[in-house]
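K.L.:
Chains as they are written, first to last, in my numbering: chain A, 1 to 214; chain B, 1001 to 1175.
Do not rely on the hints blindly, as some may be mistaken.
As the list claims (entries may be wrong) - Among chain A residues calculated to face chain B with C-beta under 8 Å, some are:
hint, residue
1, Asp-4
2, Arg-31
3, Val-40
4, Asp-55
5, Ala-61
6, Arg-66
7, Gly-151
8, Val-160
9, Thr-163
10, Val-184
11, Ile-186
12, Glu-197
13, Ile-207
Derived by calculation from the structure, the hints in this document are not laboratory data.
All C-beta atoms in this analysis are idealised placements derived from N, C-alpha and C, irrespective of residue type, glycine included.
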Amino acid sequence: MLDDHIGENAELYALGQLGELESSRVEHHVRSCDSCAKRVGEAEATVLRLIESGDVVPAPAQLDRRIRFSGQPQRMWIAAIAAAFLIGLLPWGVSTLRHPDVEAGSNQQLAMNAMLAGHFLHAPAVALVPGAPQAKVIYPRESGWLYVLVGGTNQTIDVVAITGNERTTIASIPPGPATRSAFVKISQRVSSVQLLEGNTPVASARIVYASPAP
Amino acid sequence: MLARAFVNREAWAYDAAYRAHGGMLYSAALQVLRDAGDAADCVQDVLLRLWRRGDAYRLERGALRAFLAVCVRNEALSRLRKARGRDRIGQTLDRPSATGDIAASVVDRESIRGALETLTPKQRETIELAYMRHMTHEEIASKLGEPTGTVKSRLSSALRKLRETFTPEEAFDAG
């Protein structure tokens, strides 16, 4: 390598021309060298342009299911019922006996632990279209996580976190008759959470933290 | 927000990155491997590896989409070359390329064709052998009868020339 920088290996790395050892050296170097990281990034962007100029097809549904890091819905009826109470969809009392097997998001135990660990706030979602599902967002007094609860719906609901002009899809809640949820850890504060059916916003919740942003 | 969350190893970011870029990542693998199952395995393995390692991507590197694309494509190339090694490399390379249709589709795109035309004939031949036929620089050097150092330098300069040719929007508006 030239002058301790990676030189032309930046482009060779992006083109897949380096062996394992040389690739590891490049990856190690760019972790601490901004100029080489930039050069590799530019080469990667050029290769991306070539990739996108070829045939680009949707990923198969099977891969979608395999990749889901947030996990598939699990049967956690205690957490689901707690979630249903929080959203106000179930009355207190006999519902625990009537709904012992409600499907719910796999991260609800995390949500319960987070809520037990500190104070939290909640924001009801305002319907933007007729027939929008009932929904609520629970969040801590400071940033750290969002717990989104959505009532029964026959559509997949994409959860979008909005910060200023930036919109990021943070979860996808599958359809179902029971209350569904998503627990998402975040590092930034958000200003609102929007729920989408396809590309259509159906509900929105405004997030107001207990203290101004640091 | 997504790129920063990816750097911070927030679990949702990996899912979100896949949802944002999954089609492109799968296509990047498929363009090389030409098998749906192998391409899906490749994408899944790369994302899992990145999740476990967690320190490969930095914001200073540029677009997360481009980083992921190259990670997947490089893994696909590695798998293809191992398979070629098992399949008698010389025969495979001299056979009509299984990716010929991809090469054709690439050069049929006007912007890419225009960019490739800015390269010298030698640069163009070398980048086509490397990118479209997935040959290593050693294989290209052997095929062209040139030193490997010459081929490596030519590949580097060709890619940098392509980068200059693409408009900023084309090359870097990748999220």
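K.L.:
Each hint should be assessed against the structure and marked as holding or not.
P.N.:
To see whether the hints hold, each was checked on the structure:
| no. | hint | result |
| --- | --- | --- |
| 1 | Asp-4 | violated, 17 Å |
| 2 | Arg-31 | holds, 7 Å |
| 3 | Val-40 | holds, 6 Å |
| 4 | Asp-55 | holds, 6 Å |
| 5 | Ala-61 | violated, 11 Å |
| 6 | Arg-66 | holds, 5 Å |
| 7 | Gly-151 | violated, 22 Å |
| 8 | Val-160 | violated, 10 Å |
| 9 | Thr-163 | holds, 6 Å |
| 10 | Val-184 | holds, 5 Å |
| 11 | Ile-186 | holds, 7 Å |
| 12 | Glu-197 | violated, 16 Å |
| 13 | Ile-207 | violated, 14 Å |
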